[in-house]
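K.L.:
Each chain is listed here by its residues.
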Amino acid sequence: MGTSRCPLHGTPTYVTDVKSPVTVNGTFIPKLAAKARLKFDRHGKKYMILYPERGLELNEAAAAIAKKCDGTRAVDTIVEELLLEHVGGVRDTVKVDVLEFVTELSNRGLLTRG
Amino acid sequence: MTTPRPYTLIAELTYRCPLRCPYCSNPMDLAAHKDELSHDEWCRVFSDAEALGVVQLHLTGGEPLVRGDLELLVKHAHELGLYVNLITSGIPLTRARLEDLVRAGLDHVQVSVQSSRAELGDGVAGYAGHAKKLTVMRWVKDLGLPLTMNVVLHRANLGEIDELVALAELVRADRLELANTQYVSWALANRDLLLPSREQVDRAAHMAALHRERLRGSMEVLFVKPDYFGVTPKACMDGWARRFIQVVPDGRVVPCHAATSLTSLTFDSVRAQPLAHIWERSPAMLAYRGEAWMSEPCRSCDRRSIDYGGCRCQAFALTGDAAKTDPACQLSPDHALIGDAQYRADSTSHATPAEDKRYLYRGTGSARLRQS
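So the protein sequences, as listed, match chains X and D.
Residue 63 in this note's numbering is what sits at position 63 of the first sequence, and the numbering runs on without skipping anything.
Residue 314 in this note's numbering is what sits at position 200 of the second sequence, and the numbering runs on without skipping anything.
Note that these hints are calculated values from the structure, not bench results.
Think of the CB as a built atom: it goes at the ideal place given N, C-alpha and C, for glycine as much as any other residue.
Heads up, some of the hints might be wrong.
Calculated lysine-lysine pairs in the DSSO-like style (CA-CA distance at most 30 Å, straight line) [stated by the list, open to error]:
(1) X:K31 - D:K348
(2) X:K67 - D:K255
(3) D:K189 - X:K68
(4) X:K46 - D:K189
(5) D:K189 - X:K45
Computed footprint of chain D on chain X, listed as stretches where at least three residues anywhere in the stretch have a Cβ under 8 Å from a Cβ of chain D [stated by the list, open to error]:
(6) 61-75
(7) 92-98
Assemble the whole structure, with the sequences as input and the hints as a guide.
P.N.:
And the structure:
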């Protein structure tokens, strides 16, 4: 997820070197937090997550995951759906990506337990 | 140079406000700013800003709630797909009106609090509003909106970090913004009464950092250090006219809160020219955009693309020349101007103004409230 940056401030917004108080596993059901809004940016032609005073530009893979974080699907379900939609994906790799995305956004307060 | 994409519009809807905070960033000659943009003019500004690339909208002032058309402005901005943030004192709000604003599409509310204690908070604001602010913050959360509690820090409240965090937790704030005063406009006039000692700032920063770790994932704790205490200037507004557009009540387009204090520049109005034209070509927007305007020590400095030379308003207020390096930078030949004020603050022991000193407050003439 290294290509996600905060375009409002130009700095990388993922903080990966902090200890993580949110435990995410396959049964975790992520939901976009009340303060966050997923929006397609017609100018940059990318999805963004908007939240107070900030914005996160998502690459294609991150956007595909974010769209499924609606409080109805567990991480394992999201992985299975992504594998169906993107033929050729490797389950373990996809799961690592989803867990990383969900963990990092949870620690930023952008995802909550659904 | 290619024109940068603005991401945030700061709409100062009015300068009217019930509060009189002695660090207010609004202009000191408020009486000269009476001609507010109409509803239709603001709607056009929002639409034009969205077309330029803006995704975030801050509705601020003054107190934006004194505008009777605020609900309709929020509705228009929401329909444009903007993330709509209301920055308010909370004072004129009713629960019914907040419900209307939520229905109109409001995304987020930021409430300013002056202290964790009513006595000090009301004293600083020059208005007995502390209790109302707590009520308003509860309404915001009860209605399911995300809440930022904002506190401007200075000598008198910098020792309250624990209490301010506890208050933010009590009202279930999603974000707590602890921002040290920026010394321009009213704050510069009151600087000797507001500027904290280095020891106060260091202790507060440390405590804020502990709370930030403890609350990570549940509440975001931001601590903005005063630039008087660093060795490098802050990246003011992430660069002049780069990511932020601000429109003041009478329609002039500026790059930041304090820019109307730059009497050396003329700011064009959306009443005379389209916003896009002003953003791309107006002399005031181009004046300090990019790096071409820089002189030494900024011109050859490795940090010029990080801090953009610091704050133009601070350079102007302290040296009389907006194109100079921000005196907050240790490399600035004018850095002693900061050091002198700092020395006075470090050698002053009292937290609140002594008997013979009083904050200089903005007048009350502009503080008429909307009937609601």
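K.L.:
Please go over all the hints and tell whether each is borne out by the structure.
P.N.:
Hints, one by one, checked against the model:
no.: 1; hint: X:K31 - D:K348; verdict: violated (35 Å)
no.: 2; hint: X:K67 - D:K255; verdict: holds (25 Å)
no.: 3; hint: D:K189 - X:K68; verdict: holds (27 Å)
no.: 4; hint: X:K46 - D:K189; verdict: holds (24 Å)
no.: 5; hint: D:K189 - X:K45; verdict: holds (24 Å)
no.: 6; hint: 61-75; verdict: violated (count 0)
no.: 7; hint: 92-98; verdict: violated (count 0)
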